[in-house]
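Engineer: Based on the sequences and whatever the hints tell you, model everything.
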Amino acid sequence: MLVDKYPKEIDRILNKFPPERKRAATLPLLYLAQREYGHVSKEAIREVAGILDVDPTQVGGLVGFYTLLHSKPGGKYRIQVCTDLPCALRGAEKFAEELCDNLQIKMGETTDDGLITVEEVKCLAGCDKAPMFQLQAPDGIHYFENQDLESAMELIEELRQRGNDA
Amino acid sequence: MPEHILLRHRDIPEIADLDVYLKHDGFKAFEDVVTNQAPERVIETVKTANLRGRGGAGFPAGVKWSFLTPGVFPRYVVANADESEPGTFKDREIMEGNPYQFLEGVAICSYAAQANTAYIYCRGEFWDLAHELEDKIEALHKHGLLGEGLFDTEYSLRIYVHLGAGAYICGEETALLSSMEGELGQPRLRPPFPAAEGLFAKPTVVNNVETLTNLPPIINQGADWYRSIGTEKSTGPKIFSLSGHVERPGNYELPFGTTFRELIFEHGGGIRDGKAIKGILPAGASAPLLPATDEVLDTPMDYESVPKVGSQLGSASIIVLDETVDIAWMSYKTTSFFKHESCGKCAPCREGTYWMYHILNRIQNGNGAPEDIDLLNRVALGIQGKCFCALGEFSITPVVAGIEHFRSDFEALTGDGK
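In order, the protein sequences belong to chains A and B. Just so it is clear: in the first sequence, position 141 is 141 by our numbering, and no numbers are missing. Just so it is clear: in the second sequence, position 184 is 184 by our numbering, and no numbers are missing.
Be aware that a few hints might be false.
In silico DSS-like cross-links for lysine-lysine, where the CA-CA straight-line distance does not exceed 27 Å [as the list claims (entries may be wrong)]:
| id | chain 1 | residue 1 | chain 2 | residue 2 |
| --- | --- | --- | --- | --- |
| 1 | A | Lys94 | B | Lys339 |
| 2 | A | Lys16 | B | Lys136 |
| 3 | A | Lys94 | A | Lys76 |
Residues of chain A clear of chain B, computed beta-carbon distances all greater than 12 Å [to be verified]:
| id | residue |
| --- | --- |
| 4 | Val3 |
| 5 | Ile141 |
| 6 | Ile156 |
Quick caveat, the hints were computed from the structure, so don't treat them as lab data. Here a beta-carbon is modelled for each residue, glycine too, at the ideal position from N, C-alpha and C.
Structural biologist: Now the structure itself:
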């Protein structure tokens, strides 16, 4: 349970808001749940709702609304390539396609070893450094810019190695 | 401008360290207003400087602050760091490179609004950046620049960082507030405006990151100095995010009134690979496409001049398209964005972007019929003026202008010649 494992972090989150407005802590708590479980399951939604004293439907609706929250498990790492207009003008669509081909998956799919899911996303505010992507990892979200197939595959190899070492 | 006013890290690389920022007059403006100035005087200075909101609307910040309902407390300040407009990447550079000037701006705004709590609503993708900002806020507490009884006065201020979770609509200020409160990030009916009933139903100021970053120099150097930069009605420096088919994409801090031509061909190094320029999206995906005529290229980039040639300056994210770009494809890309980001609250936007997307998709795939062009235009005009917020209104602008100026690009995909 999150409350048993992260009492201090939960307190720190709740203290940011007036006590009668603690529903404002929904997104931070959902991030905590996703970090812990890899995705936001129905169980996790009930846990978060319990901390906030709200109905689980009030929490669950948010998971579908926001793109960074995932209701279903995916790869351990999600490589989310921006293919919006400014990035597309600088070769992002071709980059995304090559990356998927190289990993032998289709856009949105996960590699057989469960390590990497590749997804297309909308503008990430890195338009001048395209092709670029964000890596949604268990420990947070990190940007990788001015990418090509080689640099992306190097990163993936490093992530694979990290998994083997652990 | 010889030196940067906002992107100061380009002149002083270590300015993201608090000690370095303090050595360069950091937090002098905040200390000055807290110890020597009444909040009303700060608001007057910002009004006189005519600081206009840099998030896209260009509304005067000081005027916005003066709408706060008198006598109602607590009040809140929310910094809008939900930078998500395609082609816009200026707030991110400010917060990464010159974070303390932004934080000082938040502090000055909070004092002027008589708020003791401020939140920075950062888009969730800026995860690393948000955590760095939290460290910087911690450093300010340690230095006695945030917290209780600041500068031996009764004023106290806390700043918190709040992460969004991936939704463009949360850049709209009332959707942002709903999102902060733990609800779906959908816009609210206005009035009441946030200045009357904002965060937690209390008087609230919401301002963009770049807007707030202008405050320390305005306080330090005065409204008259500020008004000497830019044009008469669009005052001060502006960060233009330049992307697309240029040699040197990036952020350029220039005075309002700089022409498209100067930005694209002098600062941006011209069009990549020796190609010709075809069009300009001056405000990301959210304003009409402009054909790159001499008249357009010589237009000053300010809030008054860009509408005269048929578009908007918005957040000043200039996406440059070269001669190889198919405008039907461009319309498909911008429409894909809006279809994905429509929050679903109102039918014209939710359904309209869906149908525009499907028509453009079949045109793209070579399955469009000649009458699809007029159908697309009719759907777009059916959305116009009927949406709950600006997102739906924005969504049609690149498409309608695209058909108007480059109809042959659409005809090539739908006509007999396909």
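Engineer: Decide, hint by hint, whether the structure agrees.
Structural biologist: Quick rundown of the hints versus the structure:
This hinted pair checks out: lysine 94 (chain A) and lysine 339 (chain B) have alpha carbons roughly 22 Å apart, not beyond 27 Å. Annotation: proposed proximity of lysine 16 (chain A) to lysine 136 (chain B) holds, straight-line Cα distance about 17 Å (limit 27 Å). Our distance criterion of 27 Å between C-alpha atoms is met by lysine 94 (chain A) and lysine 76 (chain A), whose separation comes to about 24 Å. Annotated as non-interface, valine 3 (chain A) keeps its C-beta farther than 12 Å from every C-beta of chain B; the closest such distance is 18 Å.
Not every C-beta of chain B lies more than 12 Å from that of isoleucine 141 (chain A), the closest at about 4 Å, which undercuts listing it as non-interface. At roughly 19 Å from the closest C-beta of chain B, the C-beta of isoleucine 156 (chain A) stays outside 12 Å, upholding its exclusion from the interface.
Violation of the numbered hints given earlier is confined to hint 5; every other hint is satisfied by the structure.
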